[in-house]
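Okay, here's what each chain looks like letter by letter:
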Amino acid sequence: MNHKLLEVKDLKKYYPVTGGLLSRHLGDVKAVDGVSFYINEGETLGLVGESGCGKSTLGRTILRLEEPTEGKIIYSGTDITKLGKKGLRELRKEIQIIFQDPQSSLDPRMTVDQSLGEPLLIHGMKDDRKRAKRVVEILERVGLEAQHALRYPHEFSSGQRQRIGIGRALTVNPKLIIADEPVSALDVSIQAQILNLMLDLREEFGLAYLFIAHDLSVIRQVSHRVAVMYLGKVVELAERNEIFENGLHPYTEALLSAIPGIRQKKKTRILLPGSVPSPLNPPSGCHFHPRCHRVLPVCYEEEPSLKDVGGGHLVACHLY
Amino acid sequence: MKEAILRVKKLKTYFFTRRGIVKAVDGVDFELLKSECLCLVGESGCGKTVTALSILGLIDKPLGRVVDGEIYYNNVNLLTCPRDQLGHIRGKEIAMVFQDAQSALNPVFTIGDQIVEQVKLHLELNDREAKERAISLLEEVGIPSPEKSVNYYPHQLSGGMKQRAMIAMSLSCDPQVLIADEPTTAVDVTIKAQILDIFHRLKNTRQMSLLFITHELGVVSEIGDRIVVMYAGRLVETATVSELLTNPIFQHPYTASLIKCLPDITQERDRLESIPGTVPSLIEPPTGCLFHPRCAKAMAICRKEKPSSVTVTKGHTVFCHLYS
Numbered sequence: 001m002n003h004k005l006l007e008v009k010d011l012k013k014y015y016p017v018t019g020g021l022l023s024r025h026l027g028d029v030k031a032v033d034g035v036s037f038y039i040n041e042g043e044t045l046g047l048v049g050e051s052g053c054g055k056s057t058l059g060r061t062i063l064r065l066e067e068p069t070e071g072k073i074i075y076s077g078t079d080i081t082k083l084g085k086k087g088l089r090e091l092r093k094e095i096q097i098i099f100q101d102p103q104s105s106l107d108p109r110m111t112v113d114q115s116l117g118e119p120l121l122i123h124g125m126k127d128d129r130k131r132a133k134r135v136v137e138i139l140e141r142v143g144l145e146a147q148h149a150l151r152y153p154h155e156f157s158s159g160q161r162q163r164i165g166i167g168r169a170l171t172v173n174p175k176l177i178i179a180d181e182p183v184s185a186l187d188v189s190i191q192a193q194i195l196n197l198m199l200d201l202r203e204e205f206g207l208a209y210l211f212i213a214h215d216l217s218v219i220r221q222v223s224h225r226v227a228v229m230y231l232g233k234v235v236e237l238a239e240r241n242e243i244f245e246n247g248l249h250p251y252t253e254a255l256l257s258a259i260p261g262i263r264q265k266k267k268t269r270i271l272l273p274g275s276v277p278s279p280l281n282p283p284s285g286c287h288f289h290p291r292c293h294r295v296l297p298v299c300y301e302e303e304p305s306l307k308d309v310g311g312g313h314l315v316a317c318h319l320y
Numbered sequence: 001m002k003e004a005i006l007r008v009k010k011l012k013t014y015f016f017t018r019r020g021i022v023k024a025v026d027g028v029d030f031e032l033l034k035s036e037c038l039c040l041v042g043e044s045g046c047g048k049t050v051t052a053l054s055i056l057g058l059i060d061k062p063l064g065r066v067v068d069g070e071i072y073y074n075n076v077n078l079l080t081c082p083r084d085q086l087g088h089i090r091g092k093e094i095a096m097v098f099q100d101a102q103s104a105l106n107p108v109f110t111i112g113d114q115i116v117e118q119v120k121l122h123l124e125l126n127d128r129e130a131k132e133r134a135i136s137l138l139e140e141v142g143i144p145s146p147e148k149s150v151n152y153y154p155h156q157l158s159g160g161m162k163q164r165a166m167i168a169m170s171l172s173c174d175p176q177v178l179i180a181d182e183p184t185t186a187v188d189v190t191i192k193a194q195i196l197d198i199f200h201r202l203k204n205t206r207q208m209s210l211l212f213i214t215h216e217l218g219v220v221s222e223i224g225d226r227i228v229v230m231y232a233g234r235l236v237e238t239a240t241v242s243e244l245l246t247n248p249i250f251q252h253p254y255t256a257s258l259i260k261c262l263p264d265i266t267q268e269r270d271r272l273e274s275i276p277g278t279v280p281s282l283i284e285p286p287t288g289c290l291f292h293p294r295c296a297k298a299m300a301i302c303r304k305e306k307p308s309s310v311t312v313t314k315g316h317t318v319f320c321h322l323y324s
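Residue numbers (my numbering), protein chains in the order written: chain A, 1 to 320; chain B, 1 to 324.
Everything labelled a hint here was simulated from the structure, so no lab data went into it. Even for Gly, the Cβ is constructed at its ideal location relative to N, Cα and C. Some clues are possibly wrong.
Computed, partial: chain A to chain B, Cβ under 10 Å [to be verified]: (1) Gln193; (2) Asp215; (3) Gln221; (4) Pro273.
The task is simple: from the sequences and hints, build the whole structure.
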């Protein structure tokens with residue numbers, strides 16, 4: 001269990017912004033700006049943050065769907081940022097991704113067995129019958145039936161489509177799945193079905209997840225550890241219960257208090273003023289200081305680093 | 001008992017498509033009382049938005065049509081009144097906030113222009129007065145430096161600010177009834193908290209009646225007085241929010257499972273309870289109670305007969321054979 005499957009070290013992904021005469025380099029959108037974390041085998045790391053904080057970019061960069069600007073991504077001991085085409089192909093047998101929108105992530109002109117069979121073909125299963133058998137096996141595992149194999153994506157409901165998306169990720173027996181908001185486009189009753197399916201699969205195949213979501217209650221349901229991101233940086237990372245019962249960073253506090261819930265007692269809500277600033281031109285010092293309710297003079301000048309405050313609870317805030 | 005300002009009776013809105021008749025809203029009854037917040041809750045495709053659009057006469061013809069029912073605003077039947085009377089009520093007396101502010105605002109006009117247009121249509125104000133009104137409305141919904149923002153185009157505002165501008169626009173003629181269609185769905189949690197805060201303030205300061213459409217029960221518990229739960233175009237349950245969320249004895253099985261399948265932030269559970277299957281097709285709905293194929297407590301009668309309303313306690317009605 002305590003074997004590190006994936007380790008990300010000081011990962012950065014900048015998108016250059018050019019403009020004006022001769023396309024001068026005007027600056028960078030720092031989508032991911034120095035993020036470090038690790039995921040153990042069979043572990044789920046929840047990654048939470050508001051839209052535009054860089055959580056999806058981070059997920060895509062780990063799979064090398066985006067090329068990292070700087071930093072290391074170590075999977076099972078090898079740095080995958082330097083892998084060539086062949087190495088990447090091998091890597092993607094190990095790491096797979098589930099996208100947010102099952103509608104647009106499935107090819108509308110491919111039947112389900114084509115969509116699910118394609119990764120198998122790419123990874124060397126040339127025998128048609130073997131492939132068909134594997135597809136049926138996967139379909140039944142994710143709660144669909146063999147007869148669904150010949151249908152097209154539009155013939156399914158969004159919940160079923162997300163099951164197909166999960167199935168497609170599973171076909172090559174990966175060890176790590178990056179789940180990018182897998183349930184946020186679904187209705188509550190369907191959301192619960194998909195979350196349960198993902199938990200069952202984790203148990204059965206010993207999967208590790210990087211579970212990206214903006215919904216904290218979903219994160220609590222599935223994660224072992226939770227990382228909170230704000231404007232390209234991890235501001236807090238700790239065991240699940242630490243975050244939810246003893247969240248230290250003012251941003252985490254505000255996020256937790258902002259959730260409308262039917263079970264908790266009325267509490268005082270921390271209303272954050274304004275919205276997430278532009279990552280092109282982030283505020284000085286701590287990026288969160290213009291919205292922070294516990295701001296100190298030092299926050300305007302100096303950027304806090306991620307420090308261990310005990311028991312593996314990391315927080316980037318001058319208060320601690 | 002407060003007086004009803006909006007009464008929807010046996011509303012049926014169907015869409016006539018090539019594949020068949022879609023019974024999007026199939027016999028819905030409810031009343032919106034003066035200065036209350038009524039929440040209309042259900043999963044996507046259950047007819048919440050179509051109900052709201054029917055009230056405002058915004059159903060796309062000829063594909064869709066209100067085939068039966070009555071909608072009374074005070075004592076005017078909105079379905080039969082003359083067009084110009086409806087035009088006078090819509091936007092002035094009954095206003096609407098749409099879900100997606102991005103696509104509901106016109107990208108080629110400034111938000112000020114769009115508010116002024118509505119103000120001048122309904123109220124007799126000159127350009128300067130209308131603009132001043134727009135500025136004070138933007139201030140009321142918490143848009144910073146309203147004198148400057150009034151000249152912004154929608155793309156210059158963030159998602160949360162666009163949603164605020166929409167709310168300001170809907171308030172421009174001091175409506176009696178405000179219909180808000182999922183105003184918190186497309187925004188982040190911290191922005192959601194801000195928007196809910198605005199609705200709280202509006203409810204207290206303006207004494208408006210609010211018809212709040214949402215699929216999130218958490219939001220309902222924050223803002224709602226009473227709740228109407230819909231499933232596949234029909235009513236499932238009507239109750240006060242406090243009764244529904246705290247008195248699980250009389251809950252409709254659908255409402256009960258909706259509550260149970262929410263992940264809980266305050267404690268962890270190994271598995272979530274889930275509702276098997278999916279929302280039925282509205283073209284060929286199941287017989288009897290529409291929920292019976294997914295219901296854990298379904299009985300023989302549920303397959304055959306459509307349940308009628310049962311009053312279990314005062315102000316709490318359930319459409320379920322379990323209670324009849």
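Interface hint for Pro273(A), Cβ within 10 Å of any Cβ on chain B: holds (8 Å)
Grab the minimum C-beta distance from Gln221(A) to chain B and call the hint holds if it beats 10 Å, violated otherwise. Since the shortest Cβ distance to chain B is 4 Å, the answer is holds.
Can we keep the Asp215(A) interface hint, with Cβ of chain B closer than 10 Å? holds (8 Å)
Would you check whether Gln193(A) satisfies its interface hint, that is, whether its CB is within less than 10 Å of any CB in chain B? holds (4 Å)
The structure agrees with every numbered hint stated previously.
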